[in-house]
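Enquirer: So the protein sequences, as listed, match chains A and B.
Under UniProt numbering, the very last position in the first sequence is 276; numbers go up by exactly one each time.
Under UniProt numbering, the very last position in the second sequence is 292; numbers go up by exactly one each time.
A portion of the hints provided could be inaccurate.
Said to hold, decoys possible - Using 20 Å as the maximum straight-line C-alpha spacing, the simulated SDA-like pairs for lysine to any residue come out as follows:
1) Lys162/A <-> Lys6/A
2) Lys252/B <-> Ala241/B
3) Lys255/B <-> Gly237/B
4) Lys104/B <-> Ile266/A
5) Lys255/B <-> Ile134/A
6) Lys7/A <-> Trp153/B
7) Lys263/A <-> Leu5/B
8) Lys98/B <-> Thr252/A
9) Lys209/B <-> Val38/A
10) Lys6/B <-> Val106/A
11) Lys100/A <-> Leu5/B
12) Lys6/B <-> Ile134/A
13) Lys6/A <-> Lys209/B
14) Lys209/B <-> Met270/A
15) Lys97/B <-> His11/A
16) Lys7/A <-> Lys255/B
17) Lys137/A <-> Leu24/B
18) Lys6/A <-> Ala241/B
19) Lys49/A <-> Leu24/B
20) Lys263/A <-> Thr252/A
21) Lys6/B <-> Glu169/A
22) Lys252/B <-> Phe38/B
Calculated directly from the structure, the hints in this document are not laboratory data.
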Amino acid sequence: MPASLKKTVPHIVLIAYVIIILFPFVFVLFSSLKENNVEISQAPFALPKSLYLDNYVKAWVQAKIDVYFWNSAYIGISSAVIGVLIAAGASFALTRMKFKLTSLLVTQVVLLGMLIPGNVLFIAQYILMMDLHILGKHWALFWPYTAGALPFSVLLISAFMKSMPGEMEEAAIIDGISAPGLFVRIVLPLTLPALVTVFIINFLGNWNEYLLASFFISKDALRTLPTGMVGFKDAYQTNYALICTGIIFSVTPVLILYAFLQKQIIEGIMAGSVKG
Amino acid sequence: MKSTLKNPAVYLMFIIPMIVLYGLFFLYPMFSSVFYAFTNWNGLEETQFIGIDNFKTAFGDKSFLSAIGNNMYFIFFSVGIQIPVIVVFALLISNVKKLQGFYKTTVFIPSILSTSVIGILWGFIYDPDIGPIAAFLGFFGIDPIYWLAESKWAMIAILITNAWQWVGFYIVLILAAILAIPRDIEEAACVDGATAPQRAWYLTVPLIKPIISVVVMLSIAGAMRVVDIVLVMTNGGPAGATEVMASYMVNKAIKYGDYGYGMALSIIIFALALVFTAIYQITLGKTERTEY
Chain A
1 MPASLKKTVP HIVLIAYVII ILFPFVFVLF SSLKENNVEI SQAPFALPKS LYLDNYVKAW
61 VQAKIDVYFW NSAYIGISSA VIGVLIAAGA SFALTRMKFK LTSLLVTQVV LLGMLIPGNV
121 LFIAQYILMM DLHILGKHWA LFWPYTAGAL PFSVLLISAF MKSMPGEMEE AAIIDGISAP
181 GLFVRIVLPL TLPALVTVFI INFLGNWNEY LLASFFISKD ALRTLPTGMV GFKDAYQTNY
241 ALICTGIIFS VTPVLILYAF LQKQIIEGIM AGSVKG
Chain B
1 MKSTLKNPAV YLMFIIPMIV LYGLFFLYPM FSSVFYAFTN WNGLEETQFI GIDNFKTAFG
61 DKSFLSAIGN NMYFIFFSVG IQIPVIVVFA LLISNVKKLQ GFYKTTVFIP SILSTSVIGI
121 LWGFIYDPDI GPIAAFLGFF GIDPIYWLAE SKWAMIAILI TNAWQWVGFY IVLILAAILA
181 IPRDIEEAAC VDGATAPQRA WYLTVPLIKP IISVVVMLSI AGAMRVVDIV LVMTNGGPAG
241 ATEVMASYMV NKAIKYGDYG YGMALSIIIF ALALVFTAIY QITLGKTERT EY
């Protein structure tokens, strides 16, 4: 084989793979801009005739994608923020304060949690939400999301804190800072990169979560995007252009986040995935 | 000064929020699952302790057994077919210089998206009336196939969607291991006149065996608890052809209120996942630590 061919063949194979990955997105984007099923089915691979933006208005306002979108944003962001703060506080105590034995024990118990796959807890959590009278409310998602993300968050933030030099903390302690002050004014700013990574990973997890969201919430007005989209698909199953618009609304925030933070997202998800 | 970091009250203040949340919404459900799995609790009648009856029922439950079979398909497909493909693509990407970053970030995209939205998206792609696959087959005069409505196609259709979502994720995992191999080993092999496929097979693959082993374990664990994609694309149908253990468990417990049985099923799912990964570890996963 000539050398130039040797260099191009892998690229041809890889580009083909990239096309398989990207094709559904392009197809959905084109379809969302077409007027109706007739225009889609007559020429599925063609560019839209004109930019038919009505679908976007219709999906967002009439079909209530806006409601699902804000529900997802609200639960996703609030749970991720609170979870990161709780995990950061715990990591600070576990790695920086002088209770070695207790810390070791707590860390082990928390890491054990990473071995338990979420599905195993699903029914018991459903019952718990019923007992707490929050089944069907946003809290029913907020608490399991926040609690479920803790093991991974503590693992990642603790690892980051352990690798941090302690001089600034020591200096602050000599200056007479209190422990909470130390945490808020020194530790949180110094661990910001780890906190951001954990926040993004947890937010993505919440934004995409389906199983709990579909069974713990039944009121349409409280649904998050993944389940709202399924109901939306059932209601408008004859209008593919509209469904594609909904898909665009659901994936765009994630793709924008990914475009800016791919490195943190890839490494964070990989660190979290090894939990199995 | 030391006392700042030695105050037990402050220590507790920092870890109690985590302990309470984790205990209530994680540890407690774990223990209550185990407890209720031995009861006949259905939310209506008085709950009785019934020993291992739920477990006996499960292993005589034809629908559940066929769901286990479908999880086995998942394992077979993701370990037997996906992983060789994943390794080959990781090797290909590691060997190119131009566009390496582009390939890496692009193939990873599906794994950050919602499985439910991917299910809806692929439902459209498979649609026999207006989906692109039907249109494509139409060019060759092939009649549309009812991918998700016919028993013989539904499972394979879901497996392909699942592969589309996760292959890139594992490629990136393996790629990271390949790129961590010191370059001088590769260069020495080059000097000795080894071709690229020879270097890949005799050098790189043995060196990344530990990470391949991790990917196999993750695939098995993932295949044992797969559920979202099935619920969204077929909800177990047609006629149970795509029912998996977790979808069966969820429907049984929530739709029919059979909570005790559902919890027993969840424990069986967990136990089977442990057994499969253990079997793999004992038989094939015994890899020595790689020394460079």
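Enquirer: Hints first: check each against the structure and report whether it holds.
Expert: Now the hints, each set against the structure:
Distance check on the hinted pair: Lys162/A and Lys6/A sit about 46 Å apart at the alpha-carbon level, beyond 20 Å; violated. Proposed proximity of Lys252/B and Ala241/B is supported: the alpha carbons are some 16 Å apart, at most 20 Å. Restraint check: the Cα-Cα separation between Lys255/B and Gly237/B comes to about 16 Å, which is no more than 20 Å; the hinted pair holds. Distance hint between Lys104/B and Ile266/A is fulfilled; the C-alpha atoms sit about 10 Å from each other, no more than 20 Å.
A C-alpha spacing of about 19 Å is found between Lys255/B and Ile134/A, which places the hinted pair at or below 20 Å, so the restraint holds. In summary, the hint linking Lys7/A to Trp153/B is not supported, as the alpha carbons are separated by about 38 Å, beyond the 20 Å threshold. Between the alpha carbons of Lys263/A and Leu5/B the distance comes to roughly 34 Å, so the proposed pair goes past 20 Å and is violated. With a CA separation close to 28 Å, the supplied pair Lys98/B and Thr252/A exceeds the 20 Å bound.
Using a Cα cut-off of 20 Å, the hinted pair Lys209/B and Val38/A is violated, with the two alpha carbons roughly 51 Å apart. Under the criterion of a C-alpha separation no larger than 20 Å, the hint pairing Lys6/B with Val106/A is consistent with the structure, at around 17 Å. A distance of roughly 12 Å separates the Cα atoms of Lys100/A and Leu5/B; the hinted pair therefore holds under the 20 Å criterion. In summary, the hint linking Lys6/B to Ile134/A is not supported, as the alpha carbons are separated by about 38 Å, beyond the 20 Å threshold.
Proximity of Lys6/A to Lys209/B is assessed by CA-CA distance (about 26 Å); at most 20 Å being required, the pair is judged violated. Between Lys209/B and Met270/A the CA atoms are separated by roughly 18 Å; this keeps the pair inside 20 Å, and the hint holds. In summary, the hint linking Lys97/B to His11/A is supported, as the alpha carbons are separated by about 10 Å, within the 20 Å threshold. Straight-line distance between C-alpha atoms of Lys7/A and Lys255/B comes to about 56 Å, which puts the hinted pair past the 20 Å bound.
The suggested pairing of Lys137/A with Leu24/B holds, with an alpha-carbon distance near 18 Å, which does not exceed 20 Å. The hinted pair formed by Lys6/A and Ala241/B fails the criterion: a straight-line CA distance of about 44 Å is larger than 20 Å. A threshold of 20 Å between alpha carbons decides the hint, and for Lys49/A with Leu24/B the separation of about 55 Å lies outside it, so the pair is violated. Restraint check for Lys263/A and Thr252/A: satisfied, since their Cα atoms lie roughly 18 Å apart, inside the 20 Å limit.
In summary, the hint linking Lys6/B to Glu169/A is supported, as the alpha carbons are separated by about 14 Å, within the 20 Å threshold. Of the supplied pair hints, the one linking Lys252/B and Phe38/B holds, its CA atoms being roughly 16 Å apart against a limit of 20 Å.
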